[in-house]
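Those protein sequences? They're chains A and B, same order as listed. In case it helps, this note's numbering puts the first sequence at residues 1 to 212. In case it helps, this note's numbering puts the second sequence at residues 213 to 310.
Fair warning: there could be bad hints in the mix.
Which chain A residues face chain B? A few, computed with CB under 8 Å, are given here [unchecked claim]:
{"no.": "1", "residue": "LEU155"}
{"no.": "2", "residue": "HIS159"}
{"no.": "3", "residue": "LEU210"}
Example chain B residues on the side facing chain A (calculated, C-beta under 8 Å, incomplete) [as the list claims (entries may be wrong)]:
{"no.": "4", "residue": "THR232"}
{"no.": "5", "residue": "ALA248"}
{"no.": "6", "residue": "ILE252"}
{"no.": "7", "residue": "ALA254"}
{"no.": "8", "residue": "SER276"}
{"no.": "9", "residue": "TRP277"}
{"no.": "10", "residue": "LEU278"}
{"no.": "11", "residue": "TRP280"}
{"no.": "12", "residue": "PHE282"}
{"no.": "13", "residue": "VAL283"}
{"no.": "14", "residue": "ALA285"}
{"no.": "15", "residue": "ALA288"}
{"no.": "16", "residue": "LEU290"}
{"no.": "17", "residue": "VAL302"}
Everything labelled a hint here was simulated from the structure, so no lab data went into it. All C-beta atoms in this analysis are idealised placements derived from N, C-alpha and C, irrespective of residue type, glycine included.
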Amino acid sequence: MAEQRTALAHQFDDLAQQYEASHLGMWAFLLTELMFFGGLFVGYTVYRTAYLAGFVEGSQYLEVPLGTLNTAVLISSSLTMALAVHAARVGRRQILIRCLLLTMLLGLVFLGVKGYEYWQKYHESLAPGVRFNYAGPSARAVELFLIFYFVMTGLHALHMIIGLGLLTVLVLLAWRGVFSAAYHTPVEVIGLYWHFVDIVWIFLYPLLYLIG
Amino acid sequence: MAETIVPPRTYYWVYGTLLTLTLLTWGAFHLRLPHALALIVALTIAISKALLVVLFFMHVRYSSWLTWVFVGAGMAWLGHMLILTMSDYVTRGTVPGW
Chain A
1 MAEQRTALAH
11 QFDDLAQQYE
21 ASHLGMWAFL
31 LTELMFFGGL
41 FVGYTVYRTA
51 YLAGFVEGSQ
61 YLEVPLGTLN
71 TAVLISSSLT
81 MALAVHAARV
91 GRRQILIRCL
101 LLTMLLGLVF
111 LGVKGYEYWQ
121 KYHESLAPGV
131 RFNYAGPSAR
141 AVELFLIFYF
151 VMTGLHALHM
161 IIGLGLLTVL
171 VLLAWRGVFS
181 AAYHTPVEVI
191 GLYWHFVDIV
201 WIFLYPLLYL
211 IG
Chain B
213 MAETIVPPRT
223 YYWVYGTLLT
233 LTLLTWGAFH
243 LRLPHALALI
253 VALTIAISKA
263 LLVVLFFMHV
273 RYSSWLTWVF
283 VGAGMAWLGH
293 MLILTMSDYV
303 TRGTVPGW
């Protein structure tokens, strides 16, 4: 049997308080993330209000079926993450590892589809700053929309990549038998992070793909 | 507060609802509603989906009041940022002499 951590750190009164503190710490971090993405969403709203026609025109170039597919993929990965946390809580190591691996697989599928979409935009000369060639009265607004598209989905994808790194660590720790029904806080808080990244996409999908 | 073991059945229900809502928002898009109405429909569905994830997948429904305060504070500040910024941009040029 590998190490079984149930130890109470000296600054806490009891395990319940320790549990609460780690959760609130993660929530505090997620709130800073909310303000970080929130700034982008507000910027998007300001420019969408100012250049609605250009934004509608720009979003025609996004592939709605791929965006919808990715939404389903990410929601599925949230389900497997929730099931992983459940497995950790009831101390089922095999199920925990399988659910974490499944979550990673779905995350990779999401990034694969995203990468294909980026590649497509590059080939259609719709990648502002890299390869952009677009004529028409709304060209500047279309470019602005695509900048928001790349920055927002790019930062979201970066969060996914970080999430995949964190999940890799969780799988290794779970493999070594570190987690038990008594100690599994890392699974819980990384789960919160993964769900948060899912929520960001839940808003990106209608705001970028489904305009007009 | 100690953790509550949520039965996986609940997660499957939430998952099914999330997928249904995704199909709904996709279907609503194909109705080609007027722009403002389409935005309201899309955002209502997105907010409902986010709430389901926060309450069930992130266990806020089963969490302490302090967690609720944290989550509420996040939403409140996001609301401040959005509403105060937009109240400026949307009303520019509507006040005579400014």
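Going down the list of hints, with the structure as the test:
1. Residue-level restraint check for LEU155 of chain A is violated (minimum Cβ-Cβ distance to chain B is 16 Å; threshold 8 Å).
2. For the restraint placing HIS159 of chain A at the interface with chain B, the shortest Cβ-Cβ distance is roughly 15 Å, beyond the 8 Å limit, so the hint is violated.
3. Given hint, LEU210 of chain A at the interface with chain B, holds; its Cβ is 4 Å from that chain's nearest Cβ, closer than 8 Å.
4. Interface hint at THR232 of chain B: violated, since its Cβ lies 11 Å from the closest Cβ of chain A, which is beyond the 8 Å cut-off.
5. For ALA248 of chain B, the suggested interface contact is broken, since its CB lies about 10 Å from the closest CB of chain A, more than 8 Å.
6. For ILE252 of chain B, the suggested interface contact is broken, since its CB lies about 11 Å from the closest CB of chain A, more than 8 Å.
7. Checking ALA254 of chain B against chain A by beta carbon gives a least distance of about 4 Å; that is within 8 Å, so the hint holds.
8. The closest approach between the C-beta of SER276 of chain B and any C-beta of chain A is roughly 6 Å, which is under the 8 Å cut-off, so the hint is satisfied.
9. For TRP277 of chain B, the shortest C-beta to C-beta distance to chain A is roughly 11 Å, which exceeds 8 Å, and the interface hint is violated.
10. A least Cβ separation of about 6 Å between LEU278 of chain B and chain A falls short of the 8 Å threshold, and the interface hint therefore holds.
11. The interface hint given for TRP280 of chain B is violated, since its Cβ lies 10 Å from the closest Cβ of chain A, which is over the 8 Å cut-off.
12. Taking 8 Å as the C-beta cut-off, the interface hint given for PHE282 of chain B holds, the closest approach to chain A being about 4 Å.
13. Checking VAL283 of chain B against chain A: minimum C-beta separation of about 7 Å stays under 8 Å; hint holds.
14. This hint holds: ALA285 of chain B has a C-beta 7 Å from the nearest C-beta of chain A, less than the 8 Å allowed.
15. Annotation: ALA288 of chain B was flagged as interfacial toward chain A, and the flag is violated, the nearest CB pair being 10 Å apart, outside 8 Å.
16. At its closest, the beta carbon of LEU290 of chain B sits 5 Å from a beta carbon of chain A; the interface hint therefore holds under the 8 Å criterion.
17. Hint on VAL302 of chain B holds. Least Cβ distance to chain A is approximately 7 Å, under the 8 Å limit.
Of the numbered hints listed earlier, those contradicted by the structure are 1, 2, 4, 5, 6, 9, 11 and 15.
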